[in-house]
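Visitor: Letter by letter, the chains look like this.
Number of protein chains: 6
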Amino acid sequence: MNVVYTHIRRADPEVVNALADFGVATVHEAQGRTGLLGPQLRPIYPGARISGSAVTVSVPPADNWMIHVAVEQCQPGDVLVVARTSYSDAGYFGELLGASLAARGVRGLVIDAGVRDVADLTRMRFPVWSKAVYAQGTVKETLGSVNVPVVCAGGLVNPGDVVIADDDGVCIVPRLEAVNVVKASDARSAKETRTRERLEKGELGLDIYDMREKLAKRGLIYRPQSLPE
Amino acid sequence: MNVVYTHIRRADPEVVNALADFGVATVHEAQGRTGLLGPQLRPIYPGARISGSAVTVSVPPADNWMIHVAVEQCQPGDVLVVARTSYSDAGYFGELLGASLAARGVRGLVIDAGVRDVADLTRMRFPVWSKAVYAQGTVKETLGSVNVPVVCAGGLVNPGDVVIADDDGVCIVPRLEAVNVVKASDARSAKETRTRERLEKGELGLDIYDMREKLAKRGLIYRPQSLPE
Amino acid sequence: MNVVYTHIRRADPEVVNALADFGVATVHEAQGRTGLLGPQLRPIYPGARISGSAVTVSVPPADNWMIHVAVEQCQPGDVLVVARTSYSDAGYFGELLGASLAARGVRGLVIDAGVRDVADLTRMRFPVWSKAVYAQGTVKETLGSVNVPVVCAGGLVNPGDVVIADDDGVCIVPRLEAVNVVKASDARSAKETRTRERLEKGELGLDIYDMREKLAKRGLIYRPQSLPE
Amino acid sequence: MNVVYTHIRRADPEVVNALADFGVATVHEAQGRTGLLGPQLRPIYPGARISGSAVTVSVPPADNWMIHVAVEQCQPGDVLVVARTSYSDAGYFGELLGASLAARGVRGLVIDAGVRDVADLTRMRFPVWSKAVYAQGTVKETLGSVNVPVVCAGGLVNPGDVVIADDDGVCIVPRLEAVNVVKASDARSAKETRTRERLEKGELGLDIYDMREKLAKRGLIYRPQSLPE
Amino acid sequence: MNVVYTHIRRADPEVVNALADFGVATVHEAQGRTGLLGPQLRPIYPGARISGSAVTVSVPPADNWMIHVAVEQCQPGDVLVVARTSYSDAGYFGELLGASLAARGVRGLVIDAGVRDVADLTRMRFPVWSKAVYAQGTVKETLGSVNVPVVCAGGLVNPGDVVIADDDGVCIVPRLEAVNVVKASDARSAKETRTRERLEKGELGLDIYDMREKLAKRGLIYRPQSLPE
Amino acid sequence: MNVVYTHIRRADPEVVNALADFGVATVHEAQGRTGLLGPQLRPIYPGARISGSAVTVSVPPADNWMIHVAVEQCQPGDVLVVARTSYSDAGYFGELLGASLAARGVRGLVIDAGVRDVADLTRMRFPVWSKAVYAQGTVKETLGSVNVPVVCAGGLVNPGDVVIADDDGVCIVPRLEAVNVVKASDARSAKETRTRERLEKGELGLDIYDMREKLAKRGLIYRPQSLPE
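Residue numbers (numbering that gives the first Met the number 0), protein chains in the order written: chain A, 0 to 228; chain B, 0 to 228; chain C, 0 to 228; chain D, 0 to 228; chain E, 0 to 228; chain F, 0 to 228.
This is chain A alone, in the form it adopts within the complex (with noise of 0.2 angstroms):
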């Protein structure tokens, strides 16, 4: 059965935006190592950092009807994730698409499949995460799903949770977790300032996380280099 859900649950904005500003990296370990899209995930171009409410797509093989459909149900600061179920590298999505999202207000792609006009979409500056560029097209000729639990690069994403995406790839905070996630970012973040600084001046990680005693205990040994010259 093919459906569209018209409506789904959104987290609050300021989490949502909250979110980006941590980034992938901090996000992903704030809850827990959990959340991460595989890394076949790649931006199309540098520099780009985005959160936003995820509007899920289901796919079939080369075929995009369904993210047109898609495209009425995005609402300003989403993120549209098209999850495919058959491998494919084919151009899903180009800058007519990119076009249409834009003007919504949505805020990018994430796509476990290929992209293509992706010189237009740079300049554009809309932001993609995708398996593939690829300028091969699709026809519109089977029906998909839209605001299912999809798996998108070997991750679940359910409607309305938080995509946060930049260089390192694409993590999926579930809606009614955003808000814990946010303060344990905010935590980690903290503490990992005051680290920095620490490393900047030259402490050694060994010093600052107290891992000398631990090395010692599970065995390692420090040896002279003894190789003949």
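Hints are not guaranteed to be accurate.
Subject to a maximum C-alpha distance of 25 angstroms in a straight line, what follows is the list of computed DSS-like cross-link-like pairs (lysine-lysine) [as the list claims (entries may be wrong)]:
#  : chain 1 : residue 1 : chain 2 : residue 2
1  : C       : Lys200    : B       : Lys139
2  : F       : Lys190    : F       : Lys200
3  : B       : Lys190    : B       : Lys200
4  : B       : Lys216    : E       : Lys139
5  : A       : Lys190    : A       : Lys213
6  : A       : Lys139    : B       : Lys190
7  : E       : Lys200    : F       : Lys139
8  : C       : Lys213    : E       : Lys213
9  : D       : Lys200    : D       : Lys190
10 : B       : Lys213    : B       : Lys190
11 : E       : Lys190    : E       : Lys200
12 : F       : Lys213    : F       : Lys190
13 : C       : Lys213    : E       : Lys216
14 : F       : Lys190    : D       : Lys139
15 : C       : Lys200    : C       : Lys190
16 : A       : Lys213    : D       : Lys139
17 : D       : Lys216    : B       : Lys213
Honestly, the hints are just simulated from the structure, not real lab data. Model, not experiment: these values are computed from the prediction.
Guided by the hints, dock chains B, C, D, E and F onto chain A, whose structure is given.
Guide: Frame of chain A, contents of chains B, C, D, E and F only:
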């Protein structure tokens, strides 16, 4: 038998140049979704867009001797297309060959293998689409052929075909179809311009492409979200 | 047994620095096409070119504890080389470790696994050559070794070897051969400069390298194109 | 938080067993082309066909501690499903764990990572579907969870779901849909039997499925071959 | 334009059959190391060796409609060759289509995509060379073409070409060259028989092929091992 | 410089043979999880288990000349280990070389590239562990070296090291450690036998390995399943 064909027919230069303006994605669509080489071919730097007449080279594994032979067969406005008979990431091509091709007015290189000296080639703005960047050199021991039909990144390329390449990949237009593809690309491009204007104003593809009835007929259902809070 | 060797022999700093000037492709050729690590190692940003003395680390899967241990063994002018004992895309290294290494004068990182915080590392201009960019964190549970011989991206690296890295990849020069490789690179580079000048004037490699007779002997045939219009 | 859920609901054993009779391809079709895990999962020997209730395990990279924990939660008729939180080819599972599971009446293992001792497991006829065969061992250092929802080879598996596995791969049937899927598979299978009989007599699918008119409407053209001799 | 060519020229059946006797490796060598399809094509069971005339099919992504169309164009002694226009692991082909082809005397299938029902196909001894085994089904929505030139697994196949397939892979012999390739294979095979007899008696290839002088000229040095104990 | 070392030290034949009895997984564990070559090396037929002294060969891309040279350096009980300096799937080795090695008493081949004639090699029961099966032939143009240290499938192999290979992959034991590894394997194997007997009777690894307290300390929680029906 190893042969170098010394005279190939090329398409009209104006037609060749016109194809670059449309870019790979539009040309690929305009000729009925044919001619696209595989997604493994990626540009060594972003932003280049070229077209040209294919001078083709078939090379043995990790041997670039025939590329030197092929340089002589190139004219201003050509694009060198290198196909290998066996999988290789070796760097068949570097800045010396780049300087040689640039001196002859060649517009770029498409190679289903590796390339090296990419910092120099980027500085020279000599664009290359390759499967890998790798410093591993090659030998000059075994013959291949020049200006024979080749399979490059899974697509067939005949000498004299028009090569279009940009950030979306590489597309081949058969020489005798180039005029028709320009016309079809022009029509497609004009239509896309009108569509883009409507999308940028916030109109939906669902309405512009008149999809709602067709979706309903296929059985698409709209429902409010019903997941429990 | 897990060991940290605390004293390694390094090559003469002038020799190390001289190798960076030639770049990976030239050095690799000059030492007889040996020492190149695999093409999976790619820079996190374009344009960096470094050389340095290898401090080597062997790490367990998804565990970066030993990198913290290795930092203490680094001196100004070193390059950290991280080899894993099992395939992993996890992000073993981020901006905190980058800040720590930079504070010690380390020139860069080579890692046959993932790295994260690449936007920060790019801003800091701390260059990294890695197999993946991925935010997935690692643990600190299991010991490895520092300054032992390692296999990194398919190549052998001994502590104190010279690492050269640029946009073409990463090449290793054995410490005791570094002086000779500088000489050989110098000779090769001078020869390439002369060749480049001739190629830029439009001379053909076929003539510069005197290939025509050898090609004919091997049986290469030249023919006018004979395909039907 | 790392949890072991000790009581899971399972489908009716008769329903579970019935699904094995149909095999993966038929079940996958009968439930609307959903539930298939990725093609990287291959059997360690040909000819096995099983079904069972999923006991799920989420394991850290290269750490098989939780598999030992999961064994205790298994009952006769179960299938162990192991998902990893990070890419790994390591051999998390060998003949000792196989002997332990067999002693408890477990029917097989599905693992999105590596397995070892495959000669022994083949001799025991304990079937495994894995992404790799590899002798590399794992540690017992870090916790995971048992009987939580997992993403395995790109598909969602809930504890108690029905696992069907044969030479074509692995398919998951949600526990509450298992009865309906048996019915749908039965209908599909009966229809296929009738179709097979007609095909074996030489009738064409074109006629059995009544495709000729639809093909003509879509514009398919038949022509005698016209290539020159 | 989507076309089915209904009459293709085939090679003499005796010539076709003779090629199977030599096998892929010998035929590939005998025709000058051309015609080999990519190593991703693997047999679904070991031990099959076939030859036949190619009926070619070009299929859209995850759509097997044209395979049903192609069945009608097959004669006894043919081999079906399926090329896809976009990467796919989907199972385009299963036991029903296998039964239909077997009923028409078709000798096997070569497909640059997935196949399913491999246990049934193995039982029927209907050999398939495919890129993947996967239960994922396909649709019947979009046209392709039959008996046009196709690129399959990186190689060009014309309808009526001779297909040879065994455990080493798949090789294509152009129809008009088949007679010559039989002769060349015969000569090569006779020579190999004589060489094999000498090798089995313990003679060295170095002597049989008279390599010692050539090796010395190229500079090969023999030394006793000098590594310290 | 290309060298053939003609005398290598080998381990005691009894020690070499003893290692085969334990198999790859046990030996790999017994020597501290080192020495395993990459998972890409797979046997051409199931069920073989061998050990032997490594004769190593370093070969240029798609060139098998040095394998012919290496045959002469082999003694009964050796295993040929072929490493390539550049990625290749080409079939460097077929039944003629297999017949030659078998005539000299060589026990098998390990090659980080392709092999062909696998049906014949299977019939001869000459076992091969390779990265690919592929009919593509190679040339005899460029020198390499024999009995030098090589990196094969990511692992270091010195001439005279002991090679163990079975269905789980390939493991290398340094010659001078072979005696100790036999002892360690023996101890490990005896322990595994006792553990197996307990597991087969239904005892749990949790109890045999005394894991319950450690799991609790790390924070593992047991809960009844709480998902809604």
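Visitor: Now look at each hint and say whether the structure bears it out.
Guide: Here is how each hint holds up against the structure:
no.: 1; hint: Lys200/C <-> Lys139/B; verdict: holds (23 angstroms)
no.: 2; hint: Lys190/F <-> Lys200/F; verdict: holds (16 angstroms)
no.: 3; hint: Lys190/B <-> Lys200/B; verdict: holds (16 angstroms)
no.: 4; hint: Lys216/B <-> Lys139/E; verdict: holds (18 angstroms)
no.: 5; hint: Lys190/A <-> Lys213/A; verdict: holds (21 angstroms)
no.: 6; hint: Lys139/A <-> Lys190/B; verdict: holds (18 angstroms)
no.: 7; hint: Lys200/E <-> Lys139/F; verdict: holds (23 angstroms)
no.: 8; hint: Lys213/C <-> Lys213/E; verdict: holds (18 angstroms)
no.: 9; hint: Lys200/D <-> Lys190/D; verdict: holds (16 angstroms)
no.: 10; hint: Lys213/B <-> Lys190/B; verdict: holds (22 angstroms)
no.: 11; hint: Lys190/E <-> Lys200/E; verdict: holds (16 angstroms)
no.: 12; hint: Lys213/F <-> Lys190/F; verdict: holds (22 angstroms)
no.: 13; hint: Lys213/C <-> Lys216/E; verdict: holds (17 angstroms)
no.: 14; hint: Lys190/F <-> Lys139/D; verdict: holds (18 angstroms)
no.: 15; hint: Lys200/C <-> Lys190/C; verdict: holds (16 angstroms)
no.: 16; hint: Lys213/A <-> Lys139/D; verdict: holds (18 angstroms)
no.: 17; hint: Lys216/D <-> Lys213/B; verdict: holds (17 angstroms)
Going through the hint list in order, the structure satisfies each hint without exception.
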